[in-house]
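> For the record, the sequence lines run as chains A and B. Just so we're aligned: 229 in my numbering is position 131 of the first sequence, and the numbers increase by one with no gaps anywhere. Just so we're aligned: 49 in my numbering is position 43 of the second sequence, and the numbers increase by one with no gaps anywhere.
Simulated from the structure, these hints should not be mistaken for laboratory data. Here the structure is a predicted model, which is why all the values come from computation and not from measurement. Warning: the hint list may mix true and false statements.
[To be verified] Derived SDA-like pairs: lysine to any residue, alpha-carbon spacing no greater than 20 angstroms straight-line: (1) B:Lys257 x A:Glu341; (2) B:Lys241 x A:Leu293; (3) B:Lys45 x A:Thr169; (4) B:Lys241 x A:Pro277; (5) B:Lys241 x A:Ile290; (6) A:Lys304 x B:Asp256; (7) B:Lys45 x A:Ala170; (8) B:Lys241 x A:Asp301; (9) A:Lys304 x B:Cys250; (10) B:Lys257 x A:His247; (11) A:Lys356 x B:Lys93; (12) B:Lys257 x A:Asp171; (13) B:Lys257 x A:Ala248; (14) B:Lys241 x A:Glu341; (15) B:Lys45 x A:Ile436; (16) B:Lys45 x A:Asp171; (17) B:Lys45 x A:Arg274; (18) A:Lys304 x B:Ile218; (19) B:Lys257 x A:Arg381; (20) B:Lys241 x A:Val435; (21) B:Lys257 x A:Leu293; (22) B:Lys257 x A:Ile290; (23) A:Lys356 x B:Lys45; (24) B:Lys257 x A:Leu429; (25) A:Lys304 x B:Lys45; (26) A:Lys304 x B:Lys257; (27) B:Lys257 x A:Asp294; (28) B:Lys257 x A:His311; (29) B:Lys257 x A:Ile303; (30) B:Lys241 x A:Ile279; (31) B:Lys241 x A:His292; (32) B:Lys257 x A:Val435; (33) B:Lys257 x A:Ser181; (34) B:Lys257 x A:Asn342; (35) B:Lys257 x A:Val398; (36) A:Lys304 x B:Leu245; (37) A:Lys304 x B:Phe243; (38) A:Lys304 x B:Asp248.
The primary structure of each chain is shown beneath.
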Amino acid sequence: MRKTLVAALLAAVIANPAFAQENPDSDPNPNSSPFPASASLSSVFNPAGFGSEWENTVPVIASAPWSGPRTADGQPDVSGNWSNTIANHANFTDPQAGDPGYPSTAASLPRGQRAPSRVSDPAGGQIPYLPAARALQQDYERNFPEPSHAWHVEPLARCAPAGVPKSFLWHGWEIRQYPGIVLFLFDSGTRIVHLDDGPHLNDSIKLWNGNSHGHWEGNTLVVNVTNNNGKALFGRTGDFMSENATVVERYIFAEDGKRFNYVATFTDPTVYSRPWTATVPARRFTEADPTDDWFNNVSVANRPGQPLLHERLEQVCVEHNGPSDGGLFDLPPDGPVIDR
Amino acid sequence: MKRKLALSFALATLCVTVPLDAQEQTAPVADIPRLANGKPDFSGIWQTLSEADYDLQPHEGRRDAPPSPGVVEGGALPYLPEALARKEQNFAARATDDPRLRCYVLGVPRSVYYPAPFEIFERERDLTLVHQFGHQVRTIHTNGTLHPEDQHQEFWLGDSRGHWEGDTLVVDVTDFSDATWFDRAGDYHSTDLHVVEKWRFVDRNTISYTAIVEDPQVYSRPWTIEILLNRRRDKNFELIEDYCFTLRYDKFYPHKATQ
Numbered sequence: 099m100r101k102t103l104v105a106a107l108l109a110a111v112i113a114n115p116a117f118a119q120e121n122p123d124s125d126p127n128p129n130s131s132p133f134p135a136s137a138s139l140s141s142v143f144n145p146a147g148f149g150s151e152w153e154n155t156v157p158v159i160a161s162a163p164w165s166g167p168r169t170a171d172g173q174p175d176v177s178g179n180w181s182n183t184i185a186n187h188a189n190f191t192d193p194q195a196g197d198p199g200y201p202s203t204a205a206s207l208p209r210g211q212r213a214p215s216r217v218s219d220p221a222g223g224q225i226p227y228l229p230a231a232r233a234l235q236q237d238y239e240r241n242f243p244e245p246s247h248a249w250h251v252e253p254l255a256r257c258a259p260a261g262v263p264k265s266f267l268w269h270g271w272e273i274r275q276y277p278g279i280v281l282f283l284f285d286s287g288t289r290i291v292h293l294d295d296g297p298h299l300n301d302s303i304k305l306w307n308g309n310s311h312g313h314w315e316g317n318t319l320v321v322n323v324t325n326n327n328g329k330a331l332f333g334r335t336g337d338f339m340s341e342n343a344t345v346v347e348r349y350i351f352a353e354d355g356k357r358f359n360y361v362a363t364f365t366d367p368t369v370y371s372r373p374w375t376a377t378v379p380a381r382r383f384t385e386a387d388p389t390d391d392w393f394n395n396v397s398v399a400n401r402p403g404q405p406l407l408h409e410r411l412e413q414v415c416v417e418h419n420g421p422s423d424g425g426l427f428d429l430p431p432d433g434p435v436i437d438r
Numbered sequence: 007m008k009r010k011l012a013l014s015f016a017l018a019t020l021c022v023t024v025p026l027d028a029q030e031q032t033a034p035v036a037d038i039p040r041l042a043n044g045k046p047d048f049s050g051i052w053q054t055l056s057e058a059d060y061d062l063q064p065h066e067g068r069r070d071a072p073p074s075p076g077v078v079e080g081g082a083l084p085y086l087p088e089a090l091a092r093k094e095q096n097f098a099a100r101a102t103d104d105p106r107l108r109c110y111v112l113g114v115p116r117s118v119y120y121p122a123p124f125e126i127f128e129r130e131r132d133l134t135l136v137h138q139f140g141h142q143v144r145t146i147h148t149n150g151t152l153h154p155e156d157q158h159q160e161f162w163l164g165d166s167r168g169h170w171e172g173d174t175l176v177v178d179v180t181d182f183s184d185a186t187w188f189d190r191a192g193d194y195h196s197t198d199l200h201v202v203e204k205w206r207f208v209d210r211n212t213i214s215y216t217a218i219v220e221d222p223q224v225y226s227r228p229w230t231i232e233i234l235l236n237r238r239r240d241k242n243f244e245l246i247e248d249y250c251f252t253l254r255y256d257k258f259y260p261h262k263a264t265q
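Construct all of the structure, not just a fragment, from the sequences and the given hints.
This is the structure in structure tokens:
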């Protein structure tokens, strides 16, 4: 689909899924601003709340043998459409507090009434940054509402791949499975997980989505992610890893196939004082669930007279390369970017 | 070796007894990968050796293109007169205006013969084509579903519905945007583009890919291209993401103390 406006529009709606549902990606004029002329940055970033769809707790799912259905090659069958359940990427450690500078109404509630930090270890819920790295994160968070430099614009607003782990804090995604492969189709990017434990690409190659090799342990998909370029950020609070980071992901699937927890340990001695772990809860969508433009971002397949079937349509975001408010910050002209 | 000899013998026999067109559609090729349901399994990483992306039409070598006899049946593309003028403008501006230079989605059929690898993941219900270049993922549905009722969604890669005719995958692709070109020479189309693709194994490591293209706004009649796709068999070969539209702003990220 020609999603010309998508980055700016979606950037505006991530804190409020209801907004997304009212604004399908079908701007008749691809060159127009996605915002009404009267809309200010604050109005579109200041949602009424975090949405009734969000949950504020994280279920416990234990690693265990898998007793559910399997693919022909013996993997636990987890193919289908999924979404995270607690919040988008507005705020990594206080997921339902809203964007930096634009707190949600839930932000005024006692902390215990909002979803917990995605940082599940250490216990305090904060990423154990080294001091210089913490300063960089805070600089981004402070400048996010009114960016004054190119690096204060979130890369996702320029259509960059959402990367690891932000792809799981964004739109819903689809998992497709093949012999030796788990394929993730995200709204912004694709990950091919090779079920072979390597070899990984040469260390000199750095990628938005890294290089993924893994294996199954019972109900858990274990993936080693190397070759990260560290560019995608984890969200609008500016949390990050560097190009020296490695990530070990554990996708722990519930026995009934309806849920999984994404539990990822980040190791990067140049940015963190110790390894730390993020937990992102996710749920499955089936044909029994309503579709929308956010969590369950699929369409009804056209097959008259047959049972309801959902299918994923093309997701493309390549041509909107400005920041969220439509301005440009230090971007070179919109000319060729390659010479090959 | 034994297998090769047997195959050669079988093909030789077919060549003698079956007209070429019929052979293309119906002759089963021995020793090709198949899914559990018996359909040919195109899973793997593929790439053309052809010069199609430089220019579909016959051309001499020039500064920005190696020579090629062309891949269009009959040689030239049947442009309508007014459309030819636009193609010539595109050609003149190709060094800056080819959408590929911004790493945009290349469209169909160009994404197939662009000279970079793409990986096919095949299930009974669909084939997923993940292209190394840009952010291009196409699903070819083979589960009997029809094109969406809304035929004005203007997909970069169109909407692809396939079915099997023997061992040939026939794919009907509609509902395109007009944002893509067919090649680096500025050959182009409108939103009325309609493509019928035919995918079939020549041998287990080679696919014959045919695209029948029609666009009544631009061309006076349908035209056909055929190229071969070769399986990438390099040791440990895998796709390496190439979201090169990010190169404009790559340098701004990640956080760097030097900023």
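> Next step is simple, just say for each hint if it's right about the structure.
So, going through the hints one by one against the coordinates:
1. B:Lys257 x A:Glu341: 13 angstroms, holds
2. B:Lys241 x A:Leu293: Holds, at roughly 17 angstroms.
3. B:Lys45 x A:Thr169: 18 angstroms, holds
4. B:Lys241 x A:Pro277: 19 angstroms, holds
5. B:Lys241 x A:Ile290: 18 angstroms, holds
6. A:Lys304 x B:Asp256: 12 angstroms, holds
7. B:Lys45 x A:Ala170: 16 angstroms, holds
8. B:Lys241 x A:Asp301: Holds, at about 18 angstroms.
9. A:Lys304 x B:Cys250: 13 angstroms, holds
10. B:Lys257 x A:His247: 12 angstroms, holds
11. A:Lys356 x B:Lys93: Violated - the C-alpha atoms of B:Lys93 and A:Lys356 are around 52 angstroms apart, more than 20 angstroms.
12. B:Lys257 x A:Asp171: Outside the cut-off at roughly 42 angstroms; violated.
13. B:Lys257 x A:Ala248: 10 angstroms, holds
14. B:Lys241 x A:Glu341: 26 angstroms, violated
15. B:Lys45 x A:Ile436: Distance ~39 angstroms between B:Lys45 and A:Ile436 Cα, so the pair is violated.
16. B:Lys45 x A:Asp171: Holds: B:Lys45 and A:Asp171 sit about 17 angstroms apart, inside 20 angstroms.
17. B:Lys45 x A:Arg274: Between B:Lys45 and A:Arg274 the Cα gap is close to 19 angstroms, so the pair holds against 20 angstroms.
18. A:Lys304 x B:Ile218: 39 angstroms, violated
19. B:Lys257 x A:Arg381: 35 angstroms, violated
20. B:Lys241 x A:Val435: Given pair B:Lys241, A:Val435 is violated - Cα atoms ~30 angstroms apart, limit 20 angstroms.
21. B:Lys257 x A:Leu293: 32 angstroms, violated
22. B:Lys257 x A:Ile290: 25 angstroms, violated
23. A:Lys356 x B:Lys45: Roughly 31 angstroms between the alpha carbons, so the hint for A:Lys356 and B:Lys45 is violated.
24. B:Lys257 x A:Leu429: It holds: about 10 angstroms lies between the C-alpha atoms, which stays within 20 angstroms.
25. A:Lys304 x B:Lys45: 38 angstroms, violated
26. A:Lys304 x B:Lys257: 13 angstroms, holds
27. B:Lys257 x A:Asp294: Violated, at about 33 angstroms.
28. B:Lys257 x A:His311: 27 angstroms, violated
29. B:Lys257 x A:Ile303: Answer holds: B:Lys257 to A:Ile303 is near 15 angstroms, not above 20 angstroms.
30. B:Lys241 x A:Ile279: 18 angstroms, holds
31. B:Lys241 x A:His292: OK: B:Lys241 and A:His292 at ~15 angstroms, within 20 angstroms.
32. B:Lys257 x A:Val435: The hint holds at about 13 angstroms.
33. B:Lys257 x A:Ser181: 31 angstroms, violated
34. B:Lys257 x A:Asn342: Holds, because 16 angstroms separates the two Cα atoms, which is no more than 20 angstroms.
35. B:Lys257 x A:Val398: 40 angstroms, violated
36. A:Lys304 x B:Leu245: Holds, because 13 angstroms separates the two Cα atoms, which is no more than 20 angstroms.
37. A:Lys304 x B:Phe243: 17 angstroms, holds
38. A:Lys304 x B:Asp248: 11 angstroms, holds
Hints 11, 12, 14, 15, 18, 19, 20, 21, 22, 23, 25, 27, 28, 33 and 35 from the list above are not met by this structure, while the remaining hints are.
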